[in-house]
Amino acid sequence: MSADYFNVYFGRYAAIMVQVNSVSVIATLLVFWIVYMHHITKPHSSFAIKKPNSHPHITYI
536 MSADYFNVYF GRYAAIMVQV NSVSVIATLL VFWIVYMHHI TKPHSSFAIK KPNSHPHITY
596 I
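Using my numbering, you'd call the opening residue of the sequence shown number 536 and step up by one each time.
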C-alpha cells in the first residue's frame, strides 16, 4: 500500500513519523543503557594494558 492510496501527504506523514522515530530511538537507547549499564560503568585497571613492543618483528613474504 502506498500513502497516495490513502491521500496522506508527505508533510503530514513526516510530521507524525518524526515523533514515532524519536520515541523508538529513545526507547532503544534506554534499553541498551539498562542492559549494558554494568559493562559501561565498570572501571578498568591500567595494569592490564600491555606495553607495545618498540620494534615489532614484521615478516614480508
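To be clear, the hints were calculated from the coordinates, so they are not data collected in a lab.
Here a beta-carbon is modelled for each residue, glycine too, at the ideal position from N, C-alpha and C.
It cannot be assumed that every hint is accurate.
[What the hints assert, rightly or not] Pair ranges (Cβ atoms, derived):
#1 594 to 566: 44 to 52 Å
#2 595 to 549: 48 to 56 Å
#3 594 to 554: 40 to 48 Å
#4 594 to 548: 32 to 40 Å
#5 552 to 574: 45 to 53 Å
For each hint, the structure was consulted:
1. 594 to 566: 44 to 52 Å: holds, 47 Å
2. 595 to 549: 48 to 56 Å: holds, 55 Å
3. 594 to 554: 40 to 48 Å: Given about 58 Å between the Cβ atoms, the range is violated.
4. 594 to 548: 32 to 40 Å: violated, 59 Å
5. 552 to 574: 45 to 53 Å: violated, 32 Å
Violated hints, in rising order: 3, 4 and 5; the structure is consistent with all others.
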